[in-house]
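These protein sequence lines map, in sequence, to chains P and L.
Heads up: the first sequence begins at 345 in the working numbering, then just goes up one per residue.
Heads up: the second sequence begins at 40 in the working numbering, then just goes up one per residue.
Which residues of chain L face chain P? A few of them, derived with a C-beta cut under 7 Å, are:
| no. | residue |
| --- | --- |
| 1 | D118 |
| 2 | E120 |
| 3 | V303 |
| 4 | V367 |
| 5 | I368 |
| 6 | A380 |
| 7 | S386 |
| 8 | G390 |
| 9 | M400 |
| 10 | W401 |
| 11 | P435 |
| 12 | L507 |
| 13 | P510 |
With a cut-off of at most 27 Å between alpha-carbon atoms, the simulated BS3-like pairs for lysine-lysine come out as follows:
| no. | chain 1 | residue 1 | chain 2 | residue 2 |
| --- | --- | --- | --- | --- |
| 14 | P | K445 | L | K484 |
| 15 | P | K439 | L | K481 |
| 16 | L | K484 | P | K439 |
| 17 | P | K715 | P | K619 |
| 18 | L | K596 | P | K439 |
| 19 | L | K481 | P | K445 |
| 20 | P | K629 | P | K715 |
Everything labelled a hint here was simulated from the structure, so no lab data went into it.
All C-beta atoms, glycine included, are put in the ideal place defined by N, C-alpha and C.
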Amino acid sequence: MRVKPKLQLLGLVLAAIAFAATNTDSFAALQSAPLEVCDSSIPPTEGAGVTGIFSPNSATTREIRDLSYLVFAICAAIFVVVQGFLVVAIVRGVKAARAAKRDPAGSSREPVQIYGSVPIEVAWTVIPVIIVFVLGMVTIRTIRNIDLTNPPDGALEVTVIGHQWWWEYRYEADARDGITRTIITANELHVPIGRPVWLRLESADVIHSFWVPRLAGKMDLIPGHSNAMWFTAETPGLYLGQCAEYCGTQHAHMLLRVYAEDSAQFDAWRAAQSKPAVEDATVAKGRAVFTQYACMNCHTIAGTSDGMFGPNLTHLASRDTIGSGFIDLTRANLRQWIADPDTMKAGCNMPSLKLADDELDAVTDYLMTLK
Amino acid sequence: MTTTPAHSDPARSDPESSGGASTERLTFWEEATRWTLSVDHKKLGLMYIAAGLVFFLIGGVEAAFMRLQLMKADAGIIDPETFNQLFTMHGTTMVFLVGMPILLGFGNYLIPLMVGARDMAFPRLNAFGFWLFIFGGILLYFSYIGSQGLYGAPSAPDVGWFAYAPLTSRTFSRGNSTDYWILGILVSGFGSMTTAINFIATILCMRCPGMKLMRMPMIAWMMLVVAGLVLVAIPVLTAAQAMLLLDRSLGAHFFDPETQGSAVLWQHLFWFFGHPEVYILILPAFGFVSEILPVFSRKAIFGYSLMVAATVGIGFIALGVWAHHMFVIGMGPVLDSFFAAATFLISVPTGIKIFNWIGTMWGGRLRFATPMLFVTGFIAMFVIGGLTGIMLATVPMDWQLSDSYFVVGHFHYVLFGGTVFGIFGAIFYWFPKATGRMLDDKLGKWTFWLLFIGFTLTFMPMHVSGVLGMPRRVYTYEADRGFELWNMISTIGVPVQMAGILVFLWNVVRSLRKGEIAGNDPWDAWTLEWATTSPPPEWNFDRVPTVTSARPLWDLKNPEDPDAHYE
Numbered sequence: 345m346r347v348k349p350k351l352q353l354l355g356l357v358l359a360a361i362a363f364a365a366t367n368t369d370s371f372a373a374l375q376s377a378p379l380e381v382c383d384s385s386i387p388p389t390e391g392a393g394v395t396g397i398f399s400p401n402s403a404t405t406r407e408i409r410d411l412s413y414l415v416f417a418i419c420a421a422i423f424v425v426v427q428g429f430l431v432v433a434i435v436r437g438v439k440a441a442r443a444a445k446r447d448p449a450g451s452s453r454e455p456v457q458i459y460g461s462v463p464i465e466v467a468w469t470v471i472p473v474i475i476v477f478v479l480g481m482v483t484i485r486t487i488r489n490i491d492l493t494n495p496p497d498g499a500l501e502v503t504v505i506g507h508q509w510w511w512e513y514r515y516e517a518d519a520r521d522g523i524t525r526t527i528i529t530a531n532e533l534h535v536p537i538g539r540p541v542w543l544r545l546e547s548a549d550v551i552h553s554f555w556v557p558r559l560a561g562k563m564d565l566i567p568g569h570s571n572a573m574w575f576t577a578e579t580p581g582l583y584l585g586q587c588a589e590y591c592g593t594q595h596a597h598m599l600l601r602v603y604a605e606d607s608a609q610f611d612a613w614r615a616a617q618s619k620p621a622v623e624d625a626t627v628a629k630g631r632a633v634f635t636q637y638a639c640m641n642c643h644t645i646a647g648t649s650d651g652m653f654g655p656n657l658t659h660l661a662s663r664d665t666i667g668s669g670f671i672d673l674t675r676a677n678l679r680q681w682i683a684d685p686d687t688m689k690a691g692c693n694m695p696s697l698k699l700a701d702d703e704l705d706a707v708t709d710y711l712m713t714l715k
Numbered sequence: 040m041t042t043t044p045a046h047s048d049p050a051r052s053d054p055e056s057s058g059g060a061s062t063e064r065l066t067f068w069e070e071a072t073r074w075t076l077s078v079d080h081k082k083l084g085l086m087y088i089a090a091g092l093v094f095f096l097i098g099g100v101e102a103a104f105m106r107l108q109l110m111k112a113d114a115g116i117i118d119p120e121t122f123n124q125l126f127t128m129h130g131t132t133m134v135f136l137v138g139m140p141i142l143l144g145f146g147n148y149l150i151p152l153m154v155g156a157r158d159m160a161f162p163r164l165n166a167f168g169f170w171l172f173i174f175g176g177i178l179l180y181f182s183y184i185g186s187q188g189l190y191g192a193p194s195a196p197d198v199g200w201f202a203y204a205p206l207t208s209r210t211f212s213r214g215n216s217t218d219y220w221i222l223g224i225l226v227s228g229f230g231s232m233t234t235a236i237n238f239i240a241t242i243l244c245m246r247c248p249g250m251k252l253m254r255m256p257m258i259a260w261m262m263l264v265v266a267g268l269v270l271v272a273i274p275v276l277t278a279a280q281a282m283l284l285l286d287r288s289l290g291a292h293f294f295d296p297e298t299q300g301s302a303v304l305w306q307h308l309f310w311f312f313g314h315p316e317v318y319i320l321i322l323p324a325f326g327f328v329s330e331i332l333p334v335f336s337r338k339a340i341f342g343y344s345l346m347v348a349a350t351v352g353i354g355f356i357a358l359g360v361w362a363h364h365m366f367v368i369g370m371g372p373v374l375d376s377f378f379a380a381a382t383f384l385i386s387v388p389t390g391i392k393i394f395n396w397i398g399t400m401w402g403g404r405l406r407f408a409t410p411m412l413f414v415t416g417f418i419a420m421f422v423i424g425g426l427t428g429i430m431l432a433t434v435p436m437d438w439q440l441s442d443s444y445f446v447v448g449h450f451h452y453v454l455f456g457g458t459v460f461g462i463f464g465a466i467f468y469w470f471p472k473a474t475g476r477m478l479d480d481k482l483g484k485w486t487f488w489l490l491f492i493g494f495t496l497t498f499m500p501m502h503v504s505g506v507l508g509m510p511r512r513v514y515t516y517e518a519d520r521g522f523e524l525w526n527m528i529s530t531i532g533v534p535v536q537m538a539g540i541l542v543f544l545w546n547v548v549r550s551l552r553k554g555e556i557a558g559n560d561p562w563d564a565w566t567l568e569w570a571t572t573s574p575p576p577e578w579n580f581d582r583v584p585t586v587t588s589a590r591p592l593w594d595l596k597n598p599e600d601p602d603a604h605y606e
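Build the full structure now, drawing on both the sequences and the hints.
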């Protein structure tokens with residue numbers, strides 16, 4: 345029953361180091377490099393794998409980050425004090441036990457029994473009360489500051505609808521911006537920088553959660569229960585995230601991509617999206633395949649079909665990805681996806697229609713023209 | 040009585056007088072029948088703990104498979120459906136079939152012994168509760184072979200341990216695996232309720248002469264509060280599960296948004312159970328710490344009455360914090376603020392406990408036998424879990440961190456670093472009482488350090504991956520997000536933990552046969568269970584003891600300076 349205080353200490357030091365790894369400074373260091381990558385004007389589709397909460401790019405996430413630094417600091421201080429007392433108590437207690445062992449008269453006696461102390465106990469009740477009061481006030485202030493419940497003036501309104509396992513975005517017709525018809529797209533959200541974006545969150549099936557950590561905290565999309573959130577992206581770039589509420593088999597592949605663009609770029613994108621689908625006579629065979637088989641039951645291509653169950657494909661080829669953000673849109677990938685989506689995204693709701701090779705080629709070529 | 044460690048004193052080791060152990064040899068079937076038909080609180084308690092440990096191994100293997108898959112991005116070892124079943128079964132198992140039965144098992148074993156009673160108030164009800172738990176657990180796991188449904192329906196529940204509606208509806212959860220989840224937990228929930236009734240009746244009505252409420256061992260207080268929480272929380276879960284069963288089987292619409300049911304209602308009902316459940320899982324471990332720490336510090340618990348007040352306070356506040364699991368459902372600023380404030384408030388009594396434990400160690404003579412190592416580890420780890428809890432209660436931080444791996448790290452610090460370390464401390468501490476033999480201390484220390492290092496390797500990096508934006512419950516993740524390193528470290532911790540568990544199992548097997556004879560009171564402790572033989576006779580005490588303070592054996596051992604003088 346020999347005591348090993350050094351091992352004890354080592355353990356606590358290890359724990360402390362590990363805890364320090366979760367502390368603000370090391371995070372700042374971790375995050376600073378990728379943050380710069382995004383700030384420089386690298387094309388939005390490259391790099392930008394950063395989803396950390398300490399690389400904010402909106403006023404709200406910056407406020408959350410600052411609050412987090414404060415809370416981390418308070419918790420780190422509490423950690424140091426409490427574990428410090430624990431370590432001192434251990435060291436002293438072990439020494440006392442050794443001293444008692446050496447002293448034959450002392451070893452038979454127990455140490456002085458202390459049953460408590462009202463002043464000390466009051467102190468360690470009152471001090472935490474003060475700390476949590478401060479934390480509570482700061483938290484409530486931040487909740488009120490961020491105020492998710494009211495759309496800011498001049499916000500761009502987008503309805504986000506969660507599906508198993510993809511995202512639908514609807515840009516409502518907006519007379520102010522000269523947009524006369526609703527734009528429906530999927531999986532890649534385009535937003536202007538410097539203008540608040542007001543997201544109405546709805547779900548077509550189960551609960552999902554919209555989480556792009558650099559732009560906003562997460563908010564659930566709940567069927568039968570309307571939620572909303574907003575953010576204002578500050579710099580152009582691609583902001584990544586993913587569904588944060590378990591929503592079934594392919595929860596892991598329900599990725600979010602938010603393209604923040606300057607207003608000229610954004611307007612151009614929106615103008616392109618509001619056009620009818622490209623009609624190209626050279627791919628008429630592919631269009632025929634699309635309409636003859638079940639594709640059209642689930643997918644809308646404006647002017648061709650109006651299925652609602654799957655993503656709107658009117659401007660599919662203008663996107664970077666398919667499969668909700670985790671497969672690059674290339675001809676080969678798209679062909680494999682149509683041939684059998686299950687090989688790329690096991691358990692997804694799109695069936696394989698068992699098309700013949702020439703049909704596959706034709707329909708893939710057709711879809712690739714839908715800029 | 041002397042104060043030297045008594046287990047090294049051969050004069051005390053008298054196996055012949057070990058009351059319960061009869062010398063006749065029974066066949067396996069006679070022995071099995073004796074245990075199966077028993078209504079003895081000690082046998083039931085041990086069976087609870089043993090069954091809980093079996094489920095602990097199963098749940099651990101499930102976790103190991105998950106870590107294997109998450110070791111690197113797109114590992115492709117386990118398919119998504121299987122992975123989703125693994126985390127559902129892991130969570131459900133660890134909460135309902137490991138944490139609760141082991142802790143209730145300790146309550147069962149210890150309460151009558153520690154309050155000086157001969158058995159629980161309702162022994163038959165006690166046995167009934169145990170067998171309901173076993174049946175519920177088997178029902179849940181039977182889903183792996185018995186659950187059949189439509190083509191493509193999963194064989195085991197895959198809706199997550201909190202089973203959010205409407206993912207649990209017939210539309211999104213085909214087949215009947217979710218029904219197995221409902222029924223298995225519902226059945227074992229009734230078992231927990233009967234046990235809670237027993238705890239309350241025993242603690243309130245069957246204490247030995249002289250044991251006023253404020254002289255009860257801390258663990259009895261903790262178990263009393265836990266029993267109260269079980270009685271308030273579990274029926275809510277049971278009702279919600281019954282409603283879900285109606286939804287699924289009879290076309291009711293409680294949680295079905297298509298027909299004006301409410302998906303949010305399920306969350307409220309579930310977390311109204313779910314948060315008290317967290318305290319149900321941690322308070323008994325607080326009790327273990329409060330019993331073990333004083334004995335190995337050779338001091339009375341610091342601030343007994345404040346500890347009691349803090350326990351009762353936690354019990355009440357625990358009922359008012361549930362919606363802090365729901366800060367991302369859009370409750371609005373008023374409710375968000377209320378539940379944040381309530382959650383901050385609960386850290387005050389929790390902090391009091393930690394300070395009082397350190398106060399207990401302060402000025403003591405510490406003896407780091409294995410139980411003490413585990414409870415000290417408990418305090419150090421629980422502090423971390425508590426502090427990350429404060430971060431999650433800070434609503435705007437929760438908007439970022441909720442449902443991320445940060446949360447997984449947080450609650451494993453509470454439930455593994457806290458509850459499981461507490462359970463191991465308790466096993467090492469009370470094993471000699473239950474079996475008459477000591478667990479090996481050297482192997483015990485190996486177990487502790489392996490578990491401690493493995494645990495830190497596995498769960499500390501999860502805080503980082505969460506902050507980097509990794510959501511929980513994903514079967515894989517993108518390679519370019521910086522998650523890989525942290526997930527790899529997490530996975531490396533798994534074999535270290537497994538080694539610790541294997542050493543522990545070997546220790547149990549070996550010590551049951553060859554362990555050092557314990558004697559009645561190997562730790563030179565102060566509560567009543569050490570006044571009887573190891574293992575205790577079926578009737579616990581030859582004479583019902585009379586006590587004069589919270590530490591009856593201290594008074595006996597130190598007649599010149601009894602606690603009774605200070606009350």
